[in-house]
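Trainee: As a plain string of letters, each chain reads:
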Amino acid sequence: ELKVEQNPLFLSMQEGKNYTIYCNYSTTSDRLYWYRQDPGKSLESLFVLLSNGAVKQEGRLMASLDTKARLSTLHITAAVHDLSATYFCAVDLSGYGGSQGNLIFGKGTKLSVKP
Amino acid sequence: NAGVTQTPKFQVLKTGQSMTLQCAQDMNHEYMSWYRQDPGMGLRLIHYSVGAGITDQGEVPNGYNVSRSTTEDFPLRLLSAAPSQTSVYFCASSPRGWSQPQHFGDGTRLSIL
Chain A
1 ELKVEQNPLF LSMQEGKNYT IYCNYSTTSD RLYWYRQDPG KSLESLFVLL
51 SNGAVKQEGR LMASLDTKAR LSTLHITAAV HDLSATYFCA VDLSGYGGSQ
101 GNLIFGKGTK LSVKP
Chain B
1 NAGVTQTPKF QVLKTGQSMT LQCAQDMNHE YMSWYRQDPG MGLRLIHYSV
51 GAGITDQGEV PNGYNVSRST TEDFPLRLLS AAPSQTSVYF CASSPRGWSQ
101 PQHFGDGTRL SIL
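Residue numbers (the numbering used here), protein chains in the order written: chain A, 1 to 115; chain B, 1 to 113.
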């Protein structure tokens, strides 16, 4: 059974601090997605990681993928209040017995950035 | 460009009732999916479609039916609503090519009494 595990599930940070969210998955995949969700809202795509060693950065967020370790990280640099949200990683099973459009999500990391 | 449109946004049903959640996209995307989101559970895939006339089951398909008669529309049917189906339902679409993320609708908040 495919599992996608995120940790921590809850994260309270102070503004200006750095932290990393981890996403481990249990099957072979070289496609991983990060999404952001604000309370009561839809999901917004942040990053698409398509190969081993992929690194993407947008503002204070940087995502990386290590397919050999089956691990992706989302690093937050100098957090600000506007980053408060829930962050999800999702693994794409297409090419490994699944079809495109078949994403398995982690349970999400609820980030709260406090002044 | 409307993107992915879900209707209704909110719905309350009684146990045993049936209903259809609508999802439409105007981006000519081939792939469409339905997820449910429950507190502490992330999103779980219910059904998905890789093109008109083709659908398949996801992680939690029981109690739900789908069809895909056109590229644009992907309705989700609850056959006989149960309280365990109380959830937020999201529809998503993506074009061919795994470099593209899925685009999500705003969700339907469904309560079953």
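The hints are simulated quantities; they were obtained by calculation from the structure and are not laboratory data.
Model, not experiment: these values are computed from the prediction.
C-beta: ideal position from N, C-alpha, C; glycine also.
Hints are supplied without guarantee of correctness; some may be wrong.
Where chain A lies over chain B, by a calculated footprint (3+ residues, C-beta under 8 Å) [as the list claims (entries may be wrong)]: (1) 20 to 27; (2) 104 to 110.
Listed below are the simulated DSSO-like cross-link pairs for lysine-lysine, each with C-alpha atoms no more than 30 Å apart in a straight line [as the list claims (entries may be wrong)]: (3) A/Lys110 with B/Lys9; (4) A/Lys114 with A/Lys68; (5) A/Lys41 with B/Lys14; (6) A/Lys56 with B/Lys9; (7) B/Lys14 with A/Lys68; (8) B/Lys14 with A/Lys114.
So, partial list: chain B residues that the calculated Cβ filter (under 10 Å) puts toward chain A [what the hints assert, rightly or not]: (9) Val12; (10) Tyr31; (11) Ser33; (12) Tyr35; (13) Gln37; (14) Tyr48; (15) Glu72; (16) Ser99; (17) Pro101.
Trainee: What are the numbers of the hints that this structure violates, sorted from low to high?
Mentor: 1, 4, 6, 7, 8, 9, 15
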